[in-house]
Every structure is written in structure tokens, then in C-alpha cells.
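Enquirer: All chains, please: the whole structure from these sequences, using the hints.
Protein chains: 2
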Amino acid sequence: MGKLLIVGTVAFDAIETPFGKTDKILGGAATYIGLAASQFEVDSAIISIVGDDFPQDYLDLFTERNIDITALEIVKGGKTFFWKGKYHNDLNSRDTLVTELNTLADFNPVVPAAYKDADVVMLGNLHPIVQLGVINQMKKRPKLIVLDTMNFWMDNALNDLLEVIKHIDVLTINDEEARQLTGEYSLVKAAQKIFTMGPRFVVIKKGEHGALLFNEDQIFFAPALPLEEVFDPTGAGDTFAGGFSGYLAASDDSSFENMKKAIIHGSNLASFSVEKFGTERMLKLEHKEIRNRLHQFKKLTQFEIELQ
Amino acid sequence: MGKLLIVGTVAFDAIETPFGKTDKILGGAATYIGLAASQFEVDSAIISIVGDDFPQDYLDLFTERNIDITALEIVKGGKTFFWKGKYHNDLNSRDTLVTELNTLADFNPVVPAAYKDADVVMLGNLHPIVQLGVINQMKKRPKLIVLDTMNFWMDNALNDLLEVIKHIDVLTINDEEARQLTGEYSLVKAAQKIFTMGPRFVVIKKGEHGALLFNEDQIFFAPALPLEEVFDPTGAGDTFAGGFSGYLAASDDSSFENMKKAIIHGSNLASFSVEKFGTERMLKLEHKEIRNRLHQFKKLTQFEIELQ
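Top to bottom, those sequences are chains A and B.
With my numbering, you'll find the first sequence wraps up at 311, consecutive numbering, no jumps.
With my numbering, you'll find the second sequence wraps up at 311, consecutive numbering, no jumps.
Just to be clear, a hint being listed does not mean it is correct.
If several chains are the same, the list does not tell them apart, and a pair holds so long as it fits within one copy or across any two.
Only pairs whose alpha carbons sit at most 27 Å apart, straight line, appear in this in silico DSS-like list of lysine-lysine [what the hints assert, rightly or not]:
| no. | residue 1 | residue 2 |
| --- | --- | --- |
| 1 | 27 | 291 |
| 2 | 301 | 142 |
| 3 | 209 | 279 |
| 4 | 196 | 301 |
| 5 | 27 | 279 |
| 6 | 302 | 196 |
| 7 | 291 | 192 |
| 8 | 82 | 24 |
| 9 | 209 | 302 |
| 10 | 279 | 196 |
| 11 | 169 | 209 |
| 12 | 89 | 192 |
| 13 | 302 | 119 |
| 14 | 301 | 169 |
| 15 | 79 | 142 |
| 16 | 209 | 192 |
| 17 | 302 | 192 |
| 18 | 192 | 24 |
| 19 | 209 | 301 |
| 20 | 142 | 119 |
| 21 | 87 | 192 |
| 22 | 301 | 79 |
These are calculated hints, taken from the structure and not from any lab test.
Expert: In C-alpha cells, the structure reads:
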């Protein structure tokens with residue numbers, strides 16, 4: 004069993020989609036990553052920060068799933084990071100209505116002693132200086148450091164982002180961000196350019212259009228499972244990252260072949276996440292459902308063809 | 004060896020992309036379909052119409068590839084259909100600068116006697132009344148009728164389109180058109196609605212995002228091969244349709260399993276088509292290149308995963 008260290012937000016989200024809206028519910032990148040990773044045989048810990056408005060029930064959801072929250076700092080008198088957003092009708096774009104950083108403004112992650120030798124570090128979307136600070140606290144080089152980021156940091160902290168990217172193994176970003184980061188429209192060329200920045204692997208997330216995994220001379224593609232209804236895309240990318248890093252930590256094998264499986268596991272879990280608001284679907288997910296849907300993924304993509 | 008009947012435009016195109024521009028070159032849906040289908044062991048014929056400005060060299064390109072052009076009408080004193088377009092920088096959208104219907108305005112396809120028993124009929128994008136006219140001339144029901152269409156006919160001849168769709172087996176359209184035709188955003192739901200209109204199979208083309216094949220209870224997905232450079236997307240969809248229908252005519256098997264292979268063959272050939280202007284790449288394509296790229300498709304998509 005591998006050790007997975009997760010760094011990212013634990014938050015309140017208020018979400019509006021064409022299908023309905025929520026009050027403040029459990030959200031945040033580290034939340035989705037942790038819940039997805041807990042589907043695998045891993046020891047995982049979350050480093051994050053919340054206020055004392057964060058309910059015990061939510062904390063219990065983590066500990067019940069064997070997720071170590073020793074390093075989830077609870078600030079007395081502080082308020083938890085809050086995001087409110089509204090999705091457009093096609094669910095492919097959204098407007099952010101409210102962002103209250105609250106306790107996150109002073110987040111200074113401290114890696115717990117028991118996780119300074121983690122096998123896999125999954126750095127959720129945060130300021131790149133915060134992400135780098137976590138890497139620098141590791142007492143030995145993790146087998147795999149995975150970093151997720153977004154265009155906001157390319158616009159506002161590019162040099163810091165380029166610095167942390169030097170130290171990682173896998174970069175996960177979406178297609179538009181890959182183009183922005185590299186100035187290359189072709190995703191193949193974009194990935195090649197990212198390799199010169201440090202990472203050995205690039206995962207390009209295309210939302211409903213699937214995900215691409217690149218190493219220097221191989222490409223693998225996993226589609227998103229076509230669904231009758233996408234209810235709420237919030238957290239799909241983080242759920243993907245959690246399935247990906249959780250599987251890799253559990254299997255302790257970062258070959259390209261095994262990373263392909265990790266991509267499929269991540270896509271599979273993300274396909275559940277979007278079926279209900281927030282974390283609702285992930286909290287009730289059963290092993291049998293996961294297995295059945297993996298089978299659907301195989302049917303969706305596998306073929307036999309004669310190569311004469 | 005099966006018989007494939009192809010109906011569609013044979014045309015002059017003038018194309019401008021960010022990488023260059025052409026004068027009038029060989030184009031048209033039936034051209035791309037025919038060239039792609041000729042990669043398989045089929046007897047094929049094109050029904051179309053051109054003017055006597057259409058060069059003998061172009062006609063020879065068809066006959067050299069064993070494509071029957073008896074039913075390619077050459078109108079004396081007439082001019083060949085001409086399309087001129089300019090692609091935007093991302094190559095995902097384009098402006099039509101010139102459309103001269105010319106002889107195509109009076110196109111009244113006549114199915115040659117030798118093809119009234121064709122196994123597969125591939126109806127390229129044309130007025131749905133013209134497409135229906137071809138079906139009505141068949142002396143026995145083809146094993147498979149494939150129809151390609153576009154939003155223009157949904158906007159301008161919807162009732163005619165709905166009529167011809169009743170008589171076909173496979174509808175190929177792009178994702179936006181599937182949504183327009185059905186009013187369903189989810190492609191899964193859109194396909195289900197299209198089944199109630201007549202077809203047993205729906206192929207939804209997503210361009211650089213691949214293609215989905217649906218029957219009533221199965222889905223298959225094929226990605227587009229990620230390329231370093233897409234040079235000219237003109238004809239990619241028709242090349243896909245030609246590879247799809249050509250393979251199905253050659254293999255005489257319209258099971259879902261075999262249709263999956265047809266989708267891969269179509270995607271594979273389309274990946275070449277976009278590498279050069281117009282038909283240039285397709286005219287110089289070698290068997291070995293096709294086989295090697297099929298191998299790339301397998302590597303891109305195939306994985307082993309344990310289903311515990």
C-alpha cells in the first residue's frame with residue numbers, strides 16, 4: 004500500500020446549474036481528490052485549511068474513508084474558503100459569482116512527519132509557491148509528483164509556476180491551458196514543449212472530450228464516458244486527478260502502461276462525479292458500480308482490427 | 004467484394020488556411036469518399052455531375068483507382084460546382100467565400116444499371132430530395148444505406164430530410180447538428196431520438212475530438228489521432244465516411260463489432276487527409292502507411308485493466 008499526500012483546497016461551494024442550485028455544500032480540490040483516491044488501497048493525507056465554521060460531519064467523511072486529516076488546519080474564528088458559481092446551459096462554461104479566500108489567504112502548508120516520505124504527492128490547483136513549498140518539505144524525493152494548475156496562475160504567477168513545474172513528474176492541465184502555457188495550438192507540440200520545462204508526463208484534460216496522456220514518445224487517449232445527463236461538472240477534474248494519483252499510489256508503478264490504467268480509473272470516477280451535485284455521488288459510490296462502469300469503458304474503446 | 008454506390012459532389016475547391024492557399028483544386032464529397040473507399044476491396048461507382056471544364060486528369064484519378072464514373076455526368080458548356088473557403092486560425096471554423104452551384108443546380112442523379120443492386124449506398128451531403136431519389140431507384144434494398152447531411156438542410160429542408168432519414172440505416176452528422184436535429188444537448192439522448200426517426204446506427208462526428216458510434220444499446224468511441232500539425236481539414240468528414248462505407252462494403256458485415264472497425268478505418272484515413280491541401284495526401288497514400296497508423300490507433304486507445 005502506497006502513501007499519497009494530497010494538497011489542495013477544502014471548501015464550501017454553492018453551485019447553480021440548469022438543473023437546480025445548492026446552498027453551501029462540501030467542495031474543494033483536495034476534497035474531490037481525497038474521495039476519489041480513497042477508492043484504492045492507499046494511505047492518504049490531506050493538507051489544507053478551513054475555518055471553524057467547517058462542520059464536524061464533513062470532517063468525519065474524511066476519517067471514515069481512512070483519509071488522514073492531521074494536517075487539515077482548522078483556524079479558530081476563521082471562515083472556510085467559499086466559491087459560488089453558475090454554469091451556462093451547455094455546462095461547458097461557468098461564471099464565478101463569489102470567491103471568498105478567507106482562511107486560504109494565509110495557507111502555509113506543513114507536511115506531517117508521517118507523510119514526508121509519501122510515494123505520490125498530488126498537488127491540487129493552488130498558488131505555485133504554495134505547491135513548491137510542499138515539495139521542499141519532503142525528506143526524500145517522492146516516486147511521483149503530480150501537479151494540477153490553471154490559467155489563473157499563468158496570468159498572475161507565471162515565473163513561480165515555471166519554477167515548480169521543473170520539479171514535478173506529471174503536469175495535468177486542460178487543453179486551452181496547455182495552449183496558453185506553450186503558445187502551441189497542436190496538443191502534441193504543446194506536450195513536447197512542456198517536457199522541456201521539466202515533467203516526464205503530461206495529462207491534457209479535455210472535459211467531455213476526454214483526456215490525453217503523453218510521455219516523450221507515446222500517447223494514450225481516454226474518452227469521457229458519454230452520459231445521458233451531466234448534472235454538475237464541479238470537481239470532475241479533481242476527481243479525475245484523485246483517481247489517477249490514487250491508483251498510481253496504490254499500484255506503485257509509474258510505467259506508461261500503468262499510467263494508462265490510472266487515466267482510465269480517473270476518467271471512470273469522474274464520470275460518476277458529474278451525475279449529482281458536488282460530492283453527493285462520490286460519497287455513495289459502490290465498488291460494484293465502479294467495476295461495471297470500467298467494463299463500459301472497455302466496451303466503449305476496445306476493438307479488434309487486423310493489421311495486414 | 005461488395006458494391007459501393009457513392010452519391011455526392013465532385014467539385015473545384017479553393018482553400019485558404021493559416022499555412023497557405025490553393026487555386027482551384029479537386030474537391031467534393033464524392034471525390035473524398037471515393038478516394039478513401041478505394042483503399043478497400045470494393046467495386047465502387049460515383050454518381051455526380053461536373054462541367055466540361057473538369058479536367059481529364061482528374062477523371063483519370065478515379066478510373067485509375069477502379070472507381071466507375073459512368074454515372075459522373077459531364078455537362079457540355081457547363082461549369083463544375085465551385086467552393087471557396089477560408090479557415091480561421093484554429094482550423095475549427097471557416098468562412099465560405101464563394102459557392103457557385105453551376106451544374107449542380109440541375110443535378111438529377113441516375114443510378115447506373117450495374118449499381119441498382121449495390122450492397123452499400125453512401126449518400127454524401129446533398130439536398131435530401133436528391134438523396135431520396137437515389138434510394139428510390141435501387142431495385143433491391145441495399146444491405147446498408149449511409150447518409151451524411153448538415154445543418155443547412157435542417158434549416159432549409161427539414162421535412163425532406165426527415166423523410167429520407169426514415170429510409171436509411173446509418174446517419175452521420177456532427178455533434179452540433181445532432182443537437183440541432185433533436186433538441187437534445189446530451190449526445191446519448193440525441194442518438195436515441197434519431198433512432199426513432201429511422202436509422203439503426205448513428206455516427207456523431209466530433210472533428211478533432213473523434214467520433215461516436217451508437218446503436219440502440221451500445222456505444223463505441225474512436226478518437227481522432229493527435230497530430231503535430233493539421234494542415235487542411237477540408238474533406239476530413241467525407242474521407243471518414245469513405246473509409247467507413249468502403250470498409251463495410253468490402254467486408255459485407257454490418258454487425259456492431261464490424262462497424263467499430265469501420266469507424267477506426269474511417270478515422271485512420273481522415274487523419275491522413277488533413278495533412279496536406281485537398282486530396283493531395285490521399286492520392287499518394289501507401290498501404291504501409293495506413294497499416295502503421297492503424298497500429299498507432301491501437302496504441303492510442305487500447306489498454307488492459309483488471310475488473311475485480
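Enquirer: Hint by hint, say whether it matches the structure.
Expert: Evaluated hints:
In this assembly of identical chains, the alpha carbons of residue 27 and residue 291 never lie at most 27 Å apart, being 30 Å within a copy and 58 Å across copies at closest. For a Cα distance limit of 27 Å, the shortest separation of residue 301 from residue 142 qualifies neither inside one copy, at 40 Å, nor across copies, at 41 Å. Both within a single protomer and between protomers do residue 209 and residue 279 lie at most 27 Å apart by alpha-carbon distance, with minima of 20 Å and 26 Å respectively. For the identical chains of this complex, residue 196 and residue 301 are inter-copy neighbours only, at 25 Å across copies versus 31 Å inside a copy, given an alpha-carbon limit of 27 Å.
In the homo-oligomer, the alpha carbons of residue 27 and residue 279 lie at most 27 Å apart inside one protomer (15 Å), although the nearest pairing across protomers, at 53 Å, exceeds that limit. Taking identical chains as interchangeable, the C-alpha atoms of residue 302 and residue 196 lie at most 27 Å apart only when they sit on different chains, with a minimum of 22 Å there against 34 Å within one chain. In the homo-oligomer, the alpha carbons of residue 291 and residue 192 lie at most 27 Å apart only across protomers (25 Å), although the nearest pairing inside one protomer, at 39 Å, exceeds that limit. Proximity of residue 82 to residue 24 under the C-alpha cut-off of 27 Å is restricted to the intra-copy arrangement: shortest distance 22 Å within a copy versus 59 Å between copies.
Taking the shortest alpha-carbon separations for residue 209 and residue 302, both the intra-copy value of 21 Å and the inter-copy value of 19 Å come in at or below 27 Å. Taking the shortest Cα distances, residue 279 and residue 196 sit within 27 Å of each other only across copies (24 Å), while inside one copy they are farther apart (37 Å). For the homomeric pair residue 169 and residue 209, the shortest alpha-carbon distance inside one copy (24 Å) is at most 27 Å, but the shortest distance between copies (35 Å) is not. Taking identical chains as interchangeable, the C-alpha atoms of residue 89 and residue 192 lie at most 27 Å apart only when they sit on different chains, with a minimum of 24 Å there against 33 Å within one chain.
Taking the closest pair of Cα atoms, residue 302 and residue 119 never come within 27 Å of each other, the shortest separation being 40 Å inside a single copy and 36 Å across copies. In this homomeric assembly, residue 301 and residue 169 never come within 27 Å of each other (Cα to Cα): the closest approach is 35 Å inside a single copy and 32 Å across copies. Taking identical chains as interchangeable, the C-alpha atoms of residue 79 and residue 142 are never at most 27 Å apart, the minima being 30 Å within one chain and 83 Å between chains. Taking identical chains as interchangeable, the C-alpha atoms of residue 209 and residue 192 lie at most 27 Å apart whether they share a chain (16 Å) or sit on different chains (21 Å).
Taking the closest pair of Cα atoms, residue 302 and residue 192 come within 27 Å of each other only across two copies (19 Å); inside a single copy the shortest separation is 30 Å, beyond that limit. In this assembly of identical chains, residue 192 and residue 24 lie within 27 Å of each other by CA distance solely across copies; the values are 23 Å between and 40 Å within a copy. Taking identical chains as interchangeable, the C-alpha atoms of residue 209 and residue 301 lie at most 27 Å apart whether they share a chain (19 Å) or sit on different chains (20 Å). For the homomeric pair residue 142 and residue 119, the shortest alpha-carbon distance inside one copy (5 Å) is at most 27 Å, but the shortest distance between copies (76 Å) is not.
Taking CA atoms no more than 27 Å apart as the test, residue 87 paired with residue 192 passes in neither setting, with 35 Å inside one copy and 29 Å between copies. Proximity of residue 301 and residue 79 under a CA criterion of 27 Å is satisfied in neither setting, with 48 Å inside one chain copy and 55 Å between copies.
The structure fails hints 1, 2, 13, 14, 15, 21 and 22 (numbered hints given earlier, in ascending order).
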